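For the sequence shown, our numbering gives the first residue as 334, with consecutive numbering after it.
Hints listed in this document are in silico derivations from the structure and should not be mistaken for laboratory results. All of these numbers come straight from a predicted model, not from anything done at the bench. Don't be surprised by glycine CBs; every beta carbon is placed ideally from N, CA and C. Each hint should be verified, as a subset may be incorrect.
Said to hold, decoys possible - Computed list of lysine-lysine pairs in DSS-like fashion (alpha-carbon distance at most 25 Å, straight line):
id : residue 1 : residue 2
1  : 365       : 354
2  : 444       : 419
3  : 444       : 365
4  : 406       : 419
5  : 419       : 402
6  : 406       : 354
7  : 402       : 365
8  : 354       : 419
9  : 402       : 354
To be verified - Distance windows between CB atoms, simulated:
id : residue 1 : residue 2 : range
10 : 406       : 359       : 20 to 26 Å
11 : 357       : 456       : 37 to 43 Å
12 : 400       : 343       : 34 to 40 Å
13 : 468       : 394       : 24 to 30 Å
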Amino acid sequence: LGLLDNPTSGQYFLNGTDVSKFTENERTNLRKGIIGFVFQSFNLIEELNVYENIELPLLYMRIPAAERKQRVKEAMNRMAISHREKHFPQQLSGGQQQRVAIARAVVANPKLILADEPTGNLDSKNGAEVMSLLTDLNSEGTTIVMVTHSQHDAGYA
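Based on the sequences and whatever the hints tell you, model everything.
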């Protein structure tokens, strides 16, 4: 679904486009533009602070600096992590790390978010906050595809 692998057979339509025969570069460019990823293990870059982790997808998209700054600030505010902007991942709680990961996933305004066990490493309070954020994004028009073992989280579908 995330265009990380090349399909071996069949067709795959994403946003109305048959992407099954796309080259690696075409898949990469489409992925950068419309897909956000949220992982159970956060996958934050340890050497980058919160701001830099969130900004990274926008750098790959060659978004101008002023717009990057605005988008990152908005994403941090939305995820209630602005006060941690200069902190590194190892200085954050699990819930804070997941909010950074979600901010990074949404900063490029994707149409689709692929979430792999987004609450799997969180306590129930932080898990509920993450599910609330994903629900809000969905109600604003972002499609969420989530893998979970949690019956509670599956109930949000």
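Practice task
Any hints from earlier that this structure breaks? Give me their numbers in increasing order, please.
Solution key: 2, 6, 8, 9 and 10
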